[in-house]
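A.B. asks: One letter stands for each residue in the lines below.
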Amino acid sequence: NAGVMQNPRHLVRRRGQEARLRCSPMKGHSHVYWYRQLPEEGLKFMVYLQKENIIDESGMPKERFSAEFPKEGPSILRIQQVVRGDSAAYFCASSPGPSGRPAYEQYFGPGTRLTVT
Amino acid sequence: GQNIDQPTEMTATEGAIVQINCTYQTSGFNGLFWYQQHAGEAPTFLSYNVLDGLEEKGRFSSFLSRSKGYSYLLLKELQMKDSASYLCAVRVLYSGGYQKVTFGTGTKLQVIP
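Residue numbers (the numbering used here), protein chains in the order written: chain C, 1 to 117; chain A, 118 to 230.
These aren't lab readings, by the way, just hints derived from the structure by calculation. No residue lacks a Cβ here, since even glycine has one placed at the ideal position from N, Cα and C. One thing to keep in mind: the hints can contain errors.
Stated by the list, open to error - Cross-link-like lysine-lysine pairs, in silico, PhoX-like; alpha carbons within 25 angstroms at most: (1) C:K44 x A:K225; (2) C:K62 x C:K27; (3) C:K51 x A:K217; (4) C:K44 x A:K193; (5) C:K62 x C:K51; (6) C:K27 x C:K51; (7) A:K225 x A:K174; (8) A:K217 x A:K185; (9) A:K174 x A:K185; (10) A:K217 x C:K62; (11) A:K225 x A:K193; (12) C:K44 x C:K62; (13) C:K27 x A:K217; (14) A:K193 x A:K174; (15) C:K51 x C:K71; (16) C:K71 x A:K198; (17) A:K185 x A:K225; (18) A:K225 x A:K198.
As the list claims (entries may be wrong) - Chain A regions said to be covered by chain C (calculated; three or more residues, Cβ under 8 angstroms): (19) 134-140; (20) 154-163; (21) 219-230.
Work the whole structure out from these sequences, hints included.
C.D. replies: Written out as structure tokens, the structure is:
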């Protein structure tokens, strides 16, 4: 009974490179959230997706950041031309969506720690 | 939008009881979560309250007052392993029943011998 999976767990990128973070939801969950956590800070909502649809991207920076959740495969958070300020832990959480029982259920993956040098 | 307040840090003694408060202001409130997060790890689910009152689960209890916009997490018989951050998070529903969860900044609890 696999939980939420994220990879890679650690990612080092130089300034200007691209970072791709992957998230596979729990079995039976079709909705994915991405959060960012800076050191010693709380979790900040970035984007909420279901398969082939972005439900809410109000927390995403307007430039360089994008997210998708294709029909097949994991959800991907993509950061282009990374800068030092992008260094953070990025957590993915999955939920069953409105039809889930319980619908509020939300479980987190282990996170990807991105370091930009 | 949502506004969630909780203390930044707390210290308590092993074996004691500690109460971590959370106040919130939000429209469309539809429930409140508490998560535990150890340093360098993912948040883990502790509790979910949607109705007023106290819910007890072992050493942990969570209370909600919707009219006051207030919740607390009560930890009894503290153990050293309870040293962690405790995150209060508010759930709101979009049309269609989709949920959005907004987190407070967390309370870092240190348990001392």
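A.B. asks: Work down the list of hints and note, for each, if the structure agrees.
C.D. replies: Cross-check of the supplied hints:
Under the criterion of a C-alpha separation no larger than 25 angstroms, the hint pairing K44 (chain C) with K225 (chain A) is consistent with the structure, at around 17 angstroms. Proximity of K62 (chain C) to K27 (chain C) is assessed by CA-CA distance (about 31 angstroms); at most 25 angstroms being required, the pair is judged violated. Pair hint K51 (chain C) plus K217 (chain A) holds up; C-alpha atoms about 17 angstroms apart against a cutoff of 25 angstroms. A distance of roughly 29 angstroms separates the Cα atoms of K44 (chain C) and K193 (chain A); the hinted pair therefore is violated under the 25 angstroms criterion.
As the CA atoms of K62 (chain C) and K51 (chain C) are separated by approximately 22 angstroms, the hinted pair is consistent with the 25 angstroms bound. Proposed proximity of K27 (chain C) and K51 (chain C) is supported: the alpha carbons are some 14 angstroms apart, at most 25 angstroms. Simply put, K225 (chain A) and K174 (chain A) have alpha-carbon atoms about 21 angstroms apart, close enough for the 25 angstroms limit, and the pair holds. As the CA atoms of K217 (chain A) and K185 (chain A) are separated by approximately 21 angstroms, the hinted pair is consistent with the 25 angstroms bound.
At most 25 angstroms may separate the alpha-carbon atoms for a hinted pair to count; K174 (chain A) and K185 (chain A) meet this at roughly 23 angstroms. Proximity of K217 (chain A) to K62 (chain C) is assessed by CA-CA distance (about 20 angstroms); at most 25 angstroms being required, the pair is judged to hold. Pair hint K225 (chain A) plus K193 (chain A) holds up; C-alpha atoms about 16 angstroms apart against a cutoff of 25 angstroms. A C-alpha spacing of about 15 angstroms is found between K44 (chain C) and K62 (chain C), which places the hinted pair at or below 25 angstroms, so the restraint holds.
At most 25 angstroms may separate the alpha-carbon atoms for a hinted pair to count; K27 (chain C) and K217 (chain A) meet this at roughly 20 angstroms. This hinted pair checks out: K193 (chain A) and K174 (chain A) have alpha carbons roughly 11 angstroms apart, not beyond 25 angstroms. Of the supplied pair hints, the one linking K51 (chain C) and K71 (chain C) holds, its CA atoms being roughly 5 angstroms apart against a limit of 25 angstroms. Restraint check: the Cα-Cα separation between K71 (chain C) and K198 (chain A) comes to about 41 angstroms, which exceeds 25 angstroms; the hinted pair is violated.
Simply put, K185 (chain A) and K225 (chain A) have alpha-carbon atoms about 24 angstroms apart, close enough for the 25 angstroms limit, and the pair holds. Between the alpha carbons of K225 (chain A) and K198 (chain A) the distance comes to roughly 13 angstroms, so the proposed pair stays at or under 25 angstroms and holds. With 0 residues bearing a CB less than 8 angstroms from a CB of chain C, the region 134-140 of chain A misses the requirement of three and the coverage assertion fails. With 5 residues having a Cβ less than 8 angstroms from any Cβ of chain C, the region 154-163 of chain A passes the three-residue criterion, so the hint holds.
Residue count for the region 219-230 of chain A with a Cβ under 8 angstroms from a Cβ of chain C: 5. That meets the three needed, and the coverage hint holds.
The structure fails to meet hints 2, 4, 16 and 19 from the earlier list, while all remaining hints are met.
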